[in-house]
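Asks: Each protein sequence line maps, in turn, to chains A and B. All you need for the working numbering is the position in the first sequence, starting with 1, plus 80. All you need for the working numbering is the position in the second sequence, starting with 1, plus 1088.
Hints in this document: simulated from the structure, not taken from any laboratory. These numbers were taken from a predicted model, which means no experiment stands behind them. Treat the hints loosely; a few may be bogus.
[Claimed, not checked] Below, computed lysine-lysine pairings styled on BS3-like, alpha-carbon distance capped at 30 Å:
1. B:1212 <-> B:1275
2. A:165 <-> B:1120
3. A:105 <-> B:1275
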Amino acid sequence: MKYLYYALMFICLMVFLYRREDLGKSLALLGPLLVCSLTVELLTDYQREVLCIKNWYQYHIYQPIEYILMTMIFYNNIRNVLVRKAMLWSAPIFLTTLVVYYSFQPASFNSEKFIDFQVESFFLIIWAILYLVEIVNTDAVIESIFRLPVFWLSFAVLLFYTGNIFIVGFRDFLAKYDVKMRDTLMIVPRCLNLIFYLMIIVGLLCTRTRKKSSSV
Amino acid sequence: MHSYPEEILFSIILGTALLLFFVAIFVFVILKFQKNQFRNRLQQSQMQKEYDQAILHVQIEVQDKTMQRIGEELHDNIGQLLSVARIHLNVVEESGIHEDNMGAIKEANSLIEKSLGDLRLLTKSLDSDFLKDFGLVESIGHELVRIKNTKIFRTDFKVHGDPYSLGLHHDIVVFRVVQEILQNSIKHSKAKDLAVAITFGDQIFQLAAEDNGCGFDFSEPSDSALSQSGAGLRNIQRRIALLGGTCSLDSRIGRGTRVAITLSRKMSK
């Protein structure tokens, strides 16, 4: 499953690079996001397999970067002024909260406690829902909702973060009382990871190809 | 202690429940989106129709005012000059001084009289107030008389049923369309006979204009006269469509051309 996960991430990045001109500026930040994601996973794997070190700090560094990039993608695709303002303000608030938290709990920075993931998930789920509400209620005539890559991204975010916000929270509880159950439960986030990248690939491929105009 | 299969089962159930939940949300979003998009397309189509109607209205108004202006200029300037020229020629004719040139003078006088008559007919044809005062049948009849007076064409005009007005706006559009059809026939068809037939039905208004000219083939766009005529005919079809009517065209090489217009009496009110 690990190799399938890496393959999907890599394919996602390749498809993004191939279709980047058709995607336009609104999804330009998806590329850096995918690169960061791939880098963090490869680094973690290298540390565990080669260096035999079990570190978590790279995820805690990656979390705010992921949040900012994701939020900016939604920011570029939502028209509601109030929602955009909330998105802009949420980034510095999120960063400040994390800095304050890790200042008081430095040990958590290299632990499996993903408070930052929980907070990030909460906001990203809200942005995804708001985007879907906006696109469903739009006055514009849209050929097909399936040709909007951000639609697929929103659903991927909803599925992945809603599933994981529950399981990550539940996992810490189970770690104290039933370790076996906890380990088995971690299959679900791995599956959600695969579905997440699969949906993004579908979204990138479904985008209409921009016709090239020829100058006379 | 929980047994291993129970944990797997729990994870599967949890995963499946999550997936089903999101499938339900997915389906709901798609259905809501499609419903809203249907409403948006309907609104867009309605707005487009209103816009086209407004553009047509403006076009007709501008065309009418231009024609009225041209008619007034013709009457006030050219008409007056021709009248003055005729008066001078009458004086010369009555004086009897230039007996050798009397034939030429009488001929010139006759030509000017004919020009004045044609000018009056043309002015009435351009003036939509004539249509307002005398109605569609009179106006079309008048137009055919004007063409017949050129002595190049034979015209025929038939009216079936009791004439009524389609509304001034519709009457003007139909009249201008008939003028355009007749002009097309005169310029391009090499016809000798032009016929117009109107049927005033209880629910339906029908008008057919035909000529016995050379006809044309739609699949031959290379002829510039044909393409101009084709553009005019498409314009006619578009204008009648905006009135809620239909315009059909039947033309074959060597068999003449027939244009038939159908309008619902209800839609014209």
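Asks: Now tell me, hint by hint, if it's right for this structure.
Replies: Hint check results:
no.	hint	verdict
1	B:1212 <-> B:1275	holds, 21 Å
2	A:165 <-> B:1120	holds, 27 Å
3	A:105 <-> B:1275	violated, 55 Å
The structure shown violates just one earlier hint, number 3.
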